[in-house]
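There are 2 protein chains.
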Amino acid sequence: MRHKKYEFEEIILDPLNVLQSDDVFSLLPLDRINQLTQAARVEDYRTPILLESRGTFAEYLWFVVAGSVDLTLYSKEGGIARLPITQGHWATWAAVFGSKPLEFDFWSAKSTTLIAFPKAEVITAVHDQPKVMLKILEQVSENATLLNTWILTATILTAEQRLAHLLLILSSRQHTSVTKGLKVTREHLGMVGLGTRQRVSRLLGKLVQQGVIMIENGQIVISSRERLEKLALI
Amino acid sequence: MRHKKYEFEEIILDPLNVLQSDDVFSLLPLDRINQLTQAARVEDYRTPILLESRGTFAEYLWFVVAGSVDLTLYSKEGGIARLPITQGHWATWAAVFGSKPLEFDFWSAKSTTLIAFPKAEVITAVHDQPKVMLKILEQVSENATLLNTWILTATILTAEQRLAHLLLILSSRQHTSVTKGLKVTREHLGMVGLGTRQRVSRLLGKLVQQGVIMIENGQIVISSRERLEKLALI
Numbered sequence: 000m001r002h003k004k005y006e007f008e009e010i011i012l013d014p015l016n017v018l019q020s021d022d023v024f025s026l027l028p029l030d031r032i033n034q035l036t037q038a039a040r041v042e043d044y045r046t047p048i049l050l051e052s053r054g055t056f057a058e059y060l061w062f063v064v065a066g067s068v069d070l071t072l073y074s075k076e077g078g079i080a081r082l083p084i085t086q087g088h089w090a091t092w093a094a095v096f097g098s099k100p101l102e103f104d105f106w107s108a109k110s111t112t113l114i115a116f117p118k119a120e121v122i123t124a125v126h127d128q129p130k131v132m133l134k135i136l137e138q139v140s141e142n143a144t145l146l147n148t149w150i151l152t153a154t155i156l157t158a159e160q161r162l163a164h165l166l167l168i169l170s171s172r173q174h175t176s177v178t179k180g181l182k183v184t185r186e187h188l189g190m191v192g193l194g195t196r197q198r199v200s201r202l203l204g205k206l207v208q209q210g211v212i213m214i215e216n217g218q219i220v221i222s223s224r225e226r227l228e229k230l231a232l233i
Numbered sequence: 000m001r002h003k004k005y006e007f008e009e010i011i012l013d014p015l016n017v018l019q020s021d022d023v024f025s026l027l028p029l030d031r032i033n034q035l036t037q038a039a040r041v042e043d044y045r046t047p048i049l050l051e052s053r054g055t056f057a058e059y060l061w062f063v064v065a066g067s068v069d070l071t072l073y074s075k076e077g078g079i080a081r082l083p084i085t086q087g088h089w090a091t092w093a094a095v096f097g098s099k100p101l102e103f104d105f106w107s108a109k110s111t112t113l114i115a116f117p118k119a120e121v122i123t124a125v126h127d128q129p130k131v132m133l134k135i136l137e138q139v140s141e142n143a144t145l146l147n148t149w150i151l152t153a154t155i156l157t158a159e160q161r162l163a164h165l166l167l168i169l170s171s172r173q174h175t176s177v178t179k180g181l182k183v184t185r186e187h188l189g190m191v192g193l194g195t196r197q198r199v200s201r202l203l204g205k206l207v208q209q210g211v212i213m214i215e216n217g218q219i220v221i222s223s224r225e226r227l228e229k230l231a232l233i
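In order, the protein sequences belong to chains A and B. For the first sequence, numbering that gives the first Met the number 0 gives the first residue as 0, with consecutive numbering after it. For the second sequence, numbering that gives the first Met the number 0 gives the first residue as 0, with consecutive numbering after it.
Any given hint could be a false lead.
Same chains, same names: a pair is fine if it fits in one copy or spans any two.
[What the hints assert, rightly or not] Heads up, simulated DSBU-like pairs for lysine-lysine below, C-alpha to C-alpha not over 35 Å straight-line:
id: 1; residue 1: K134; residue 2: K99
id: 2; residue 1: K75; residue 2: K229
id: 3; residue 1: K75; residue 2: K99
id: 4; residue 1: K75; residue 2: K134
Since the hints were made in silico from the structure, they are not lab data. None of these values were measured; they are calculated from a predicted model.
Please put together the full structure from these sequences, using the hints given.
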């Protein structure tokens, strides 16, 4: 018997499928899609690997087939913070189009499969395509807006509202239409400022009770994005 | 005797000057710059005015000549959070290129002068110019990266480090080369999660002592962006 999750991963393991089902890349002419497909490389990581270091420049745009790419920051005092980019999402458009060195490390989680598209090839494929550029700009803009709102909510929202908000941010990162659940751990959610694993579990429970999310096989599935937005945005 | 600040405001009160000295718009052909100049409108506000409401769509890209445009969010319980976009900066590229309704209100501060460029005219002027689009994408990407880092630092940095970080975010918002000081109040800084006005004053004092910033006529001047970055990013 084949596992449901496995089927999903098989579908998106093919670079051509990923590009053709994506909001941005599907707008490209076929020859550009084919060129990008040929430049793509599938990467498998059993253990966490440092993909790109803070202070260097991104060399790839990654599509997360399984596992996650974790934006990671360490403090001098030994603190650690992670923002995971999960299955079915891109990591990250902003790193590819910014011209400054990376501000945080990119780590793969354990059991992670990625499709890597070289940054230079991505830029060559899209830079002279106005519709595609507008679409990328739209997605990066919406991400920036969500992040702005997250900062604004820091002082005025309850922890429950902030969790709803964080789920919106994590699930809106340039995902393809094939994305279903959000694979984030309670530890991940706690690491961006919502407290301990136990506290995050309690907060998630409240969202489940309200019918806004479901937990299925350890994944968070957003039942109603509309209600989640209503809850998150005051 | 004319005030120094006033001279600066006079220079940037001319839409053509603003466009020609800007990293993005200066890349446009001259006829496009002229078209945008003709579509521009100078707006003066003596008292705070609601410019755009949450739930609607942005209609203008604003350049802040004096005062500020404040991204503002209210909670049901009466809480209020503001993120100011200050003199010499654009408010906001992300609102113009996103396709979703605004997630927060845009308010003018008191004594605010703006140059408003209609969103539709801006998009028409830039959409088929690959170099310009790449530049806009670069700036929005870098903003998104800074915001990501701000979220990552929430749990692992000291208040002093976070303040340094916030100053970097506020001063990097798509500014023109004529920008000097950062006009933000202690109240503004406190509103994004750094505590009371008094606490923010103490934190600013520490940064002044370290020679990273100066306070001149109530404005924060960044003495060394490099050292501020070093302090902020762990």
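Results of checking the hints against the structure:
| no. | hint | verdict |
| --- | --- | --- |
| 1 | K134 - K99 | both (22 Å within a copy, 13 Å between copies) |
| 2 | K75 - K229 | between (38 Å within a copy, 12 Å between copies) |
| 3 | K75 - K99 | within (22 Å within a copy, 39 Å between copies) |
| 4 | K75 - K134 | between (39 Å within a copy, 34 Å between copies) |
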